[in-house]
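Participant: Could you put the whole structure together from the sequences, leaning on the hints where they help?
Number of protein chains: 2
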Amino acid sequence: MSDLEVDRARNLQRVDEVVRLASITEGEDLPAEPFARIGAIVEKIAAERGVGAFDVSPRFPTALADVLRGRGLGIRWRPAPFVPERECKTSEEIEHIRAAVRHTEAALQAGIERIANAQIRDGKLTDGEVALTSEAVRLTINAELLARECFCTTVIVAGGEQAVDPHDRGSGPLLANRPIILDVFPRDNKTRYCGDMTRTVVRGEASDEARRMFLAVKASKDAAEAVVRAGIDGQDVHAAASKVFEDEGFETGVKDGRMVGFFHGTGHGLGLDVHERPRVSKTHDILKAGHVITIEPGLYYPGIGGVRLEDDVVVTEDGCENLCLMSCEPFEI
Amino acid sequence: MSDLEVDRARNLQRVDEVVRLASITEGEDLPAEPFARIGAIVEKIAAERGVGAFDVSPRFPTALADVLRGRGLGIRWRPAPFVPERECKTSEEIEHIRAAVRHTEAALQAGIERIANAQIRDGKLTDGEVALTSEAVRLTINAELLARECFCTTVIVAGGEQAVDPHDRGSGPLLANRPIILDVFPRDNKTRYCGDMTRTVVRGEASDEARRMFLAVKASKDAAEAVVRAGIDGQDVHAAASKVFEDEGFETGVKDGRMVGFFHGTGHGLGLDVHERPRVSKTHDILKAGHVITIEPGLYYPGIGGVRLEDDVVVTEDGCENLCLMSCEPFEI
Numbered sequence: 085m086s087d088l089e090v091d092r093a094r095n096l097q098r099v100d101e102v103v104r105l106a107s108i109t110e111g112e113d114l115p116a117e118p119f120a121r122i123g124a125i126v127e128k129i130a131a132e133r134g135v136g137a138f139d140v141s142p143r144f145p146t147a148l149a150d151v152l153r154g155r156g157l158g159i160r161w162r163p164a165p166f167v168p169e170r171e172c173k174t175s176e177e178i179e180h181i182r183a184a185v186r187h188t189e190a191a192l193q194a195g196i197e198r199i200a201n202a203q204i205r206d207g208k209l210t211d212g213e214v215a216l217t218s219e220a221v222r223l224t225i226n227a228e229l230l231a232r233e234c235f236c237t238t239v240i241v242a243g244g245e246q247a248v249d250p251h252d253r254g255s256g257p258l259l260a261n262r263p264i265i266l267d268v269f270p271r272d273n274k275t276r277y278c279g280d281m282t283r284t285v286v287r288g289e290a291s292d293e294a295r296r297m298f299l300a301v302k303a304s305k306d307a308a309e310a311v312v313r314a315g316i317d318g319q320d321v322h323a324a325a326s327k328v329f330e331d332e333g334f335e336t337g338v339k340d341g342r343m344v345g346f347f348h349g350t351g352h353g354l355g356l357d358v359h360e361r362p363r364v365s366k367t368h369d370i371l372k373a374g375h376v377i378t379i380e381p382g383l384y385y386p387g388i389g390g391v392r393l394e395d396d397v398v399v400t401e402d403g404c405e406n407l408c409l410m411s412c413e414p415f416e417i
Numbered sequence: 085m086s087d088l089e090v091d092r093a094r095n096l097q098r099v100d101e102v103v104r105l106a107s108i109t110e111g112e113d114l115p116a117e118p119f120a121r122i123g124a125i126v127e128k129i130a131a132e133r134g135v136g137a138f139d140v141s142p143r144f145p146t147a148l149a150d151v152l153r154g155r156g157l158g159i160r161w162r163p164a165p166f167v168p169e170r171e172c173k174t175s176e177e178i179e180h181i182r183a184a185v186r187h188t189e190a191a192l193q194a195g196i197e198r199i200a201n202a203q204i205r206d207g208k209l210t211d212g213e214v215a216l217t218s219e220a221v222r223l224t225i226n227a228e229l230l231a232r233e234c235f236c237t238t239v240i241v242a243g244g245e246q247a248v249d250p251h252d253r254g255s256g257p258l259l260a261n262r263p264i265i266l267d268v269f270p271r272d273n274k275t276r277y278c279g280d281m282t283r284t285v286v287r288g289e290a291s292d293e294a295r296r297m298f299l300a301v302k303a304s305k306d307a308a309e310a311v312v313r314a315g316i317d318g319q320d321v322h323a324a325a326s327k328v329f330e331d332e333g334f335e336t337g338v339k340d341g342r343m344v345g346f347f348h349g350t351g352h353g354l355g356l357d358v359h360e361r362p363r364v365s366k367t368h369d370i371l372k373a374g375h376v377i378t379i380e381p382g383l384y385y386p387g388i389g390g391v392r393l394e395d396d397v398v399v400t401e402d403g404c405e406n407l408c409l410m411s412c413e414p415f416e417i
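Chains A and B, in that order, give the protein sequences. Heads up, the first sequence is in our numbering, so the first residue is 85 and it goes up one at a time. Heads up, the second sequence is in our numbering, so the first residue is 85 and it goes up one at a time.
Possibly wrong hints are sitting among the right ones.
[What the hints assert, rightly or not] With beta-carbon atoms standing in for the labels, derived distance ranges:
| no. | chain 1 | residue 1 | chain 2 | residue 2 | range |
| --- | --- | --- | --- | --- | --- |
| 1 | A | Arg155 | B | Thr174 | 53 to 63 Å |
| 2 | B | Ala323 | A | Glu213 | 56 to 66 Å |
| 3 | A | His368 | B | Pro386 | 31 to 41 Å |
| 4 | A | Arg162 | B | Glu289 | 51 to 61 Å |
| 5 | B | Ser175 | A | Gln193 | 37 to 47 Å |
| 6 | B | Gln193 | A | Ala303 | 46 to 56 Å |
FYI, nobody ran anything at the bench for these hints, they're computed from the structure. We put the CB at the ideal spot given by N, CA and C, even for glycine.
Facilitator: In structure tokens, the structure reads:
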């Protein structure tokens with residue numbers, strides 16, 4: 085560690101030894117290029133300790149791998165998960181995620197209340213004299229998160245046609261009578277664990293098609309949660325979620341040059357990162373007890389809009405525990 | 085791009101072509117391991133376009149480099165800057181940074197006002213009946229940033245002995261009569277450009293040593309800014325900042341097992357990232373017109389505390405333009 089970081093590193097460390105960088109570099113004639121320089125330093129540390137090869141993450145920098153291999157050291161990348169302990173959560177980790185989920189719910193609630201309290205004028209939502217925008221609701225949500233020492237880099241508040249793109253964060257005036265997707269995935273800064281939840285609401289009256297979509301997404305989410313248990317393939321959870329849409333006649337595929345229907349995975353692992361293993365999608369991936377995963381089916385059709393619902397569940401031997409307490413309803417507020 | 089992202093990518097793209105991933109993978113028997121899989125996809129795309137080798141960033145993942153080389157493709161990493169256009173800022177980029185600096189100043193001002201309005205009880209700052217904490221001032225600063233569509237991952241509000249570690253973010257009750265460092269480096273979410281500023285204040289009365297430190301840091305910052313111009317070595321700017329401390333008798337080095345004095349660089353490039361090229365430190369790095377750099381000398385002594393002042397300047401042919409308007413004074417508030 086550099087002189088700037090070495091004292092803090094020694095205080096925070098859970099490792100065997102923290103080495104002061106200057107103790108290696110002082111008086112040495114090192115290359116100027118940063119990776120060549122780091123390579124020379126690593127070679128010196130490795131030689132002092134009799135280390136001849138390193139296991140590294142798949143994302144280890146190519147430049148450093150090339151430099152170290154050039155100096156005769158072995159660099160072997162190991163497929164993910166590089167830290168296998170991260171995959172199945174301990175009970176302590178699950179409590180951290182549960183706490184992050186509580187914060188996520190409070191922030192979602194604040195955003196939904198802001199929308200529920202909006203007036204409707206000429207088909208648009210207003211807050212007194214001004215339009216209620218995605219940005220304003222996002223600020224309400226982030227202010228609630230901030231007060232709880234959480235933060236979410238990209239809160240999604242997307243309505244109307246914007247909600248048809250599942251990753252559009254939303255911007256500008258929100259419309260009445262159209263579904264608004266709120267997707268909040270904060271990290272709790274105290275523990276570093278994440279929550280990830282989505283709700284969809286309509287301020288005013290939803291169209292019949294949007295109401296049908298909402299009921300189908302809710303049924304799809306229930307169907308997926310019903311099959312989750314240790315040993316099942318994520319593929320089969322995804323298939324259970326998809327089957328509800330097929331049975332209800334909601335088609336997925338390219339229409340007029342863009343994807344419509346249910347065209348993302350059903351979920352993903354959640355922990356220190358918002359997205360981690362396992363995947364719950366078309367890909368083969370066996371669920372294990374202690375996995376914490378999202379279940380988040382959605383439907384997206386131009387002209388109608390987008391509907392997505394998302395909860396976080398812990399996989400158990402014989403099923404799953406839903407960490408979320410907040411209802412998916414009411415849809416119309 | 086996956087089906088989930090392809091429409092948004094086509095809308096946002098500034099590239100020649102966006103390829104739908106499924107158009108490559110459909111009907112193919114691809115490896116399951118993610119990097120082996122990506123490698124197979126890249127090989128297919130490269131073959132279709134007659135590409136035999138790639139220039140990559142030094143941080144390109146080792147796993148993917150190994151897979152692609154194994155498939156006979158050339159992978160050559162290029163030393164930083166991988167995108168050389170990022171180093172010298174255009175006038176449009178400078179205006180984005182200037183705007184980010186305005187937001188940074190407003191947030192710093194809000195934090196300093198919160199401290200200025202605190203009462204002093206038994207040597208501690210209070211806000212009515214409760215202790216004024218680093219966390220509370222951090223929340224004030226982040227709320228101001230959020231309302232401006234900016235965010236800073238780690239606002240530093242560190243007083244007392246915490247401020248002796250330049251990267252301690254600060255926690256718990258703030259003390260009266262001791263320097264409090266406020267370091268704010270937000271990204272403007274509209275433009276993605278960053279600001280980075282530091283002020284140090286004392287609520288109450290500073291000790292004579294702390295006051296001497298403040299005056300020396302201010303003189304060091306002025307001395308560094310006075311020598312900045314296109315063509316100078318960052319080393320020489322750092323030397324000018326350091327010389328003020330040496331002349332005033334402030335020693336730098338290890339004392340009682342920890343670093344004291346001025347033991348970090350004088351500054352760093354600022355742009356789309358908070359830290360980018362060039363460095364203004366002991367390292368050789370020639371400044372160019374259009375570089376935007378921080379100038380941030382500091383002094384840190386256990387028992388007294390930490391003092392750091394930081395502005396952002398644009399390097400010009402014959403000097404520099406300071407983008408910050410906010411004064412470094414008053415020190416005592």
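Participant: For this structure, which hints from the list above don't hold up?
Facilitator: 1 and 3
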